[in-house]
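Construct all of the structure, not just a fragment, from the sequences and the given hints.
Okay, here's what each chain looks like letter by letter:
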Amino acid sequence: MTARDPLELDINLILSQKVNLSAVERRCETLVKRRSVKKRYQADWLLKAIQFMDLTTLAGDDTPARVERLCHKARNPVRKDILDSLSNSTALSTAAVCVYPELVRTAKSALEKSAVELASVATGFPTGLVPERTKISEINAAISNGASEIDVVINRNKVLTANWRSLYNDIKAYKKACGSFHLKVIIGAGDLGTLRNVARASWVSMLAGADFIKTSTGKEPTNASLPVSLVMLRAIRDFHEMTGFKVGFKAAGGISKAKQAINYLVLIKEELAEEWLDKSLFRIGASSLLADVERQLDHFVSGAYSSGNRHPIV
Amino acid sequence: MKQNNTIMNYGPSPESSSAAYDWLSKSKKKFGHFINGKMTNPKNTFKTINPSTGEVLAKISNGTENDIKIAVKSAKAAFKIWKNVSSFQRSKYIYALARLIQKNSRILSVLETLDNGKPIRESRDIDIPLVARHFYYHAGWGKIFKDEFPEKEPFGVVGQIIPWNFPLLMLAWKIAPALATGNTIVLKPAETTSLTALFFAELCMEALIPPGVINIVTGDGKTGSYIAGHPTVSKLAFTGSTEVGRLLRKQTAGEGKKLSLELGGKSAFIVFEDADLDSAVEGVIDSIWFNQGEVCCAGSRLLIQEGIQKKFIAKLKRRMEKLHLGDPLDKSTDIGAINSFDQLEKIKSLVASGAKEGARVYQPKVKIPADGFFYPPTLLEHTHQSMNICQAEIFGPVLSVITFRTPNEAVEIANNSRYGLSTSVWTESINLGLDLAPKIKVGVVWINSTNMFDASAGFGGYRESGYGREGGKEGLLEYLRDRDLSTKTTPINSLTKDPSVLKISKEQNIDRTRKLFIGGKQNRSDSGYDRKIFSRSNQIIGQVPEGNKKDIRDAVEAASKEEKWRNMTAHNRAQVIYYAAENLELRKKEYADILQKMTGIDGEKEVESSLETIFHYAAWADKFEGTIHDVPIRGVSLAMKEPIGVIGIVCPNDNPLLSFIHLVFSALCTGNSVVAIPSETHPLSALDMYQVFESSDMPAGAINIVTGNRETLTQTLAIHMGVDGIWYFGSKEGSAIVEELSTSNLKQTWVNYGAHYAWLELSKEFRMLSLHKATQVKNIWIPYGE
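Going down the list, the protein sequences come from chains D and Y.
The end of the first sequence is residue 314 by the numbering used here, with every number in the run present.
The end of the second sequence is residue 1786 by the numbering used here, with every number in the run present.
Please keep in mind that the hints were generated in silico from the structure rather than gathered at the bench.
Note that the structure is a prediction, hence the values are computed from the model and not measured.
It is possible that part of the hints are untrue.
[What the hints assert, rightly or not] Pairs of lysine-lysine residues, derived as DSS-like cross-links and limited to a Cα-Cα distance of at most 27 Å, are as follows: (1) D:Lys176 x D:Lys279; (2) D:Lys39 x Y:Lys1367; (3) D:Lys33 x Y:Lys1331; (4) D:Lys269 x Y:Lys1311; (5) Y:Lys1030 x Y:Lys1059; (6) Y:Lys1030 x D:Lys33; (7) D:Lys108 x D:Lys176; (8) Y:Lys1073 x Y:Lys1030; (9) D:Lys269 x Y:Lys1365; (10) Y:Lys1331 x D:Lys259; (11) Y:Lys1322 x D:Lys246; (12) Y:Lys1331 x D:Lys39; (13) D:Lys39 x Y:Lys1322; (14) D:Lys269 x Y:Lys1367; (15) Y:Lys1331 x D:Lys269; (16) Y:Lys1322 x D:Lys279; (17) D:Lys259 x Y:Lys1322; (18) Y:Lys1030 x Y:Lys1069; (19) D:Lys18 x Y:Lys1439; (20) Y:Lys1317 x D:Lys18; (21) D:Lys38 x Y:Lys1331; (22) Y:Lys1473 x Y:Lys1076; (23) D:Lys18 x Y:Lys1059; (24) Y:Lys1311 x D:Lys246.
See the structure below:
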């Protein structure tokens, strides 16, 4: 999580991005069938998936009690008897919880003395259509209330109108406001129309100083998908090659099944390097996913399929 | 964190093979042939092994000449039943096979992987689903082909010989269209991969396919040659090496068997600087490291635009590091075992020879299993077209790299091969992709994609990659033929009038010197000799040059260089052809006169019919067009009809002007360039046509005319490597010689086996046939989406 300064915006680099939709889809369709993880290996992968999770609640009806429950689950993501059967010795928790700025203070105290990071969304989440100066004060408030990671949204209309310079300047300002705190930039892929725009927005975000690029708010018409993720991962790979900086990746929205989580891990492993399979470089933003993962782990240790009511809800 | 990362490995994930072994044990691991609806007792057995372990899977029978005789006999008997089965019923049988394949898809996948060595991921996700799709698609044709082709009929007994790289898929490609069109079948699987075919035999019994309709005889090359040589087999379909394809063409020369060959390749995978490079890298993986590279259409020559070479190769090498080689039954395996020891040795020796020629060999660090026939994914750098490794088909996981500078150079390098099967073109510019596709001489072009197959789209090659198509309407036509279009009487022999009483003008004309017509110019023959041409009443009525080998050489060269005609719009081609009719009509009387003198038949009638024929093909010039196949992707496959290239046309003596016009104009109207040899005995009016061509804006080289001794000239044409097709209308013996000599570069042949045709009353079928013979289908796959 080393903070880094923004790099120069190279418009030609942004415009030269090439993405072939059919070929990207084919890669995603076949990749998940090319690799198979079974039995104990699968259980270990799922335990890793939990440690990559940003356990999230971002709803209009969020209350302090709801956030406290979320935080408790983040610290105790899997029933103890299952973990014992798995002989899991390491302390297990999700990577972070992710909440609205208003609830950061509640979460902060609920996560005391835990390894769970606290992420707050900001910058007029989920659309980003608020004045830039209120966005900066939102980031400042989240940080002063105790957030260690800030998930900002970009103003998608700047992508759709090809206003790359302005988008770059926005993100640069968020970066400055975050200082050494972790900046995740949500590109809102479902609003961007094409994978080419996904690639371009990813590059602008990385050049402007994003520590992570993140697929979605979870509120767009389409959420994280393997094709969107593949395009972003390839951008991260090229960026690393060009600059030496490792940018992290967060998939968010619509990932609710254990099998999907495994697919994302496979995608990271195959398209990036092993070192990205680390919570400093990879996150899954989710809420209901944890319940399915826990059920799968239960199935692995007991041999019987479990039901939802036997696992504490998020 | 770091420490925990070491556990993020895939671990073993083997597909269970117990059901497949149970099935093998049920037959005590010994198999006979499937003949007349029953399995025969195992005899003359040989071992079939698992190439990834060396384990003997079963013993299968080596088919003898007698086995083939019995199989063909039962197929012949079954044909009487099968051809009269209602289309609905036939469709239901094929549908049942499709369903049964789906129901047994997992055991078939496992069996295929055990016997062939290919990864279970591929047999499960690619081979077997395509097999089922092929039967479904053709179940449909079984129902409707008679509506679509009312004049056509099945051949009868067809012989089919298939390779070991896609055992069951190739069986499906062969059997499904043959069944749908009412043929009965004798099929031989490859020696090393017969098990799924034998399992399929059981499905045939379960589907209650009438006995004898499908016969499967296992064995080696010799068994195959018995099928090819059997006189009852009237159509032979082969997929395999170019070498064996040649042997089969030779063996069947002159027998009148319809032959389709799907042979080798050395396909180009072209990447332009404006491509999505990461996706193109995946394309390379799917192209050359699919099925261990044991794919006839594998993109074994990577053509990269020079400016992106370094970047692309770096990406490719990094991707190669991620390939998993190993147990084919493991679900995470990308590259399985090479099918046989012999094939492995061939790959090894070709790579060694490449290294000796100066290629730099790159192989990622992969663990190679101790047992079995494995070969790592291999990239050969510093390779050039002048190296054998860039010309020879390796049929293994080996890729060579060549750079190019411009689109034209990419086309030139792609076409710099004796083969012509497929090409992948990667560019984000639709202009560039669609510009390149027609310029590359191959049967399949994949734009921003690779190795895509479907029952609805034809697959097959140009040049030494063979002829005939599998899949689509074009593939179905390979199993249908026209009724006998020949006539027993010839126009000259049927002449009743005494030629001496025919009215012929007797005025003294200025002496006329006829020349050869080569490259748009009137040339004297190289020999310096002329041959005298006699009238019906044995008077000398003219002389034609005695053309020789060198004249043929020059004519073929002129035809090969011709580009204007080929690239002209169809509308403009039609205009030139109509104009030729205008110019012939102006001189109608002169042509009729000469014809009448030469042959004694009604010259006026023949010229009139010639004019009509020219109009006929002018009409077709802009209407004999391609189709769009509805392939199961977001995209289309354009089935374009392309000219064969240079066609040598050896004309008959019957109706010497009209037959010349029929054949030459059907070839010309579809964009071919032609070297024509007019009738040997009556060449005058056909040769005189050069005056019509000259005055009709026909581009130089599009049509070349050489007169002389038919058989000598024909032989020179037949062995000429620059001739892509040869049409021969002469004797039975001559036809056999043409078919045999055509093996030099596997040119496409159309011969008459000595038959005669009623040129004045030519059937619609014949006219259509000539257009089909003049063209070949190229399928261009275009996935789209942004």
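Results of checking the hints against the structure:
For the suggested pair Lys176 of chain D and Lys279 of chain D, the alpha carbons sit about 23 Å apart, so the restraint of at most 27 Å is met. Taken as a hint, the Lys39 of chain D and Lys1367 of chain Y pair is honoured in the structure, with Cα atoms around 23 Å apart against an allowance of 27 Å. For the given pair, Lys33 of chain D sits about 8 Å from Lys1331 of chain Y by alpha-carbon distance, which is consistent with the 27 Å threshold. Using a Cα cut-off of 27 Å, the hinted pair Lys269 of chain D and Lys1311 of chain Y holds, with the two alpha carbons roughly 21 Å apart.
With a C-alpha separation of about 5 Å, the suggested pair Lys1030 of chain Y and Lys1059 of chain Y falls inside the 27 Å cut-off, and the hint holds. Between Lys1030 of chain Y and Lys33 of chain D the alpha-carbon distance is near 34 Å, which puts this suggested pair outside the 27 Å criterion. Between the alpha carbons of Lys108 of chain D and Lys176 of chain D the distance comes to roughly 23 Å, so the proposed pair stays at or under 27 Å and holds. For the suggested pair Lys1073 of chain Y and Lys1030 of chain Y, the alpha carbons sit about 25 Å apart, so the restraint of at most 27 Å is met.
At most 27 Å may separate the alpha-carbon atoms for a hinted pair to count; Lys269 of chain D and Lys1365 of chain Y meet this at roughly 17 Å. Proximity of Lys1331 of chain Y to Lys259 of chain D is assessed by CA-CA distance (about 16 Å); at most 27 Å being required, the pair is judged to hold. Taken as a hint, the Lys1322 of chain Y and Lys246 of chain D pair is honoured in the structure, with Cα atoms around 20 Å apart against an allowance of 27 Å. Restraint check for Lys1331 of chain Y and Lys39 of chain D: the C-alpha separation of about 14 Å stays at or below 27 Å, so the hint holds.
Restraint check for Lys39 of chain D and Lys1322 of chain Y: the C-alpha separation of about 22 Å stays at or below 27 Å, so the hint holds. With a CA separation close to 19 Å, the supplied pair Lys269 of chain D and Lys1367 of chain Y stays within the 27 Å bound. Annotation: proposed proximity of Lys1331 of chain Y to Lys269 of chain D holds, straight-line Cα distance about 17 Å (limit 27 Å). Restraint check for Lys1322 of chain Y and Lys279 of chain D: the C-alpha separation of about 22 Å stays at or below 27 Å, so the hint holds.
Between Lys259 of chain D and Lys1322 of chain Y, the direct Cα distance comes to roughly 21 Å. Compliance with the 27 Å bound is thereby established for this hinted pair. As the CA atoms of Lys1030 of chain Y and Lys1069 of chain Y are separated by approximately 22 Å, the hinted pair is consistent with the 27 Å bound. Only pairs whose Cα atoms come within 27 Å are accepted, and Lys18 of chain D paired with Lys1439 of chain Y is accepted, the gap being roughly 25 Å. The hinted pair formed by Lys1317 of chain Y and Lys18 of chain D meets the criterion: a straight-line CA distance of about 20 Å does not exceed 27 Å.
The suggested pairing of Lys38 of chain D with Lys1331 of chain Y holds, with an alpha-carbon distance near 10 Å, which does not exceed 27 Å. The hinted pair formed by Lys1473 of chain Y and Lys1076 of chain Y meets the criterion: a straight-line CA distance of about 25 Å does not exceed 27 Å. For the hint linking Lys18 of chain D to Lys1059 of chain Y, the alpha-carbon distance of about 53 Å lies beyond 27 Å, and the restraint is violated. For the hint linking Lys1311 of chain Y to Lys246 of chain D, the alpha-carbon distance of about 19 Å falls within 27 Å, and the restraint holds.
When each numbered hint is compared with the structure, violations occur for hints 6 and 23.
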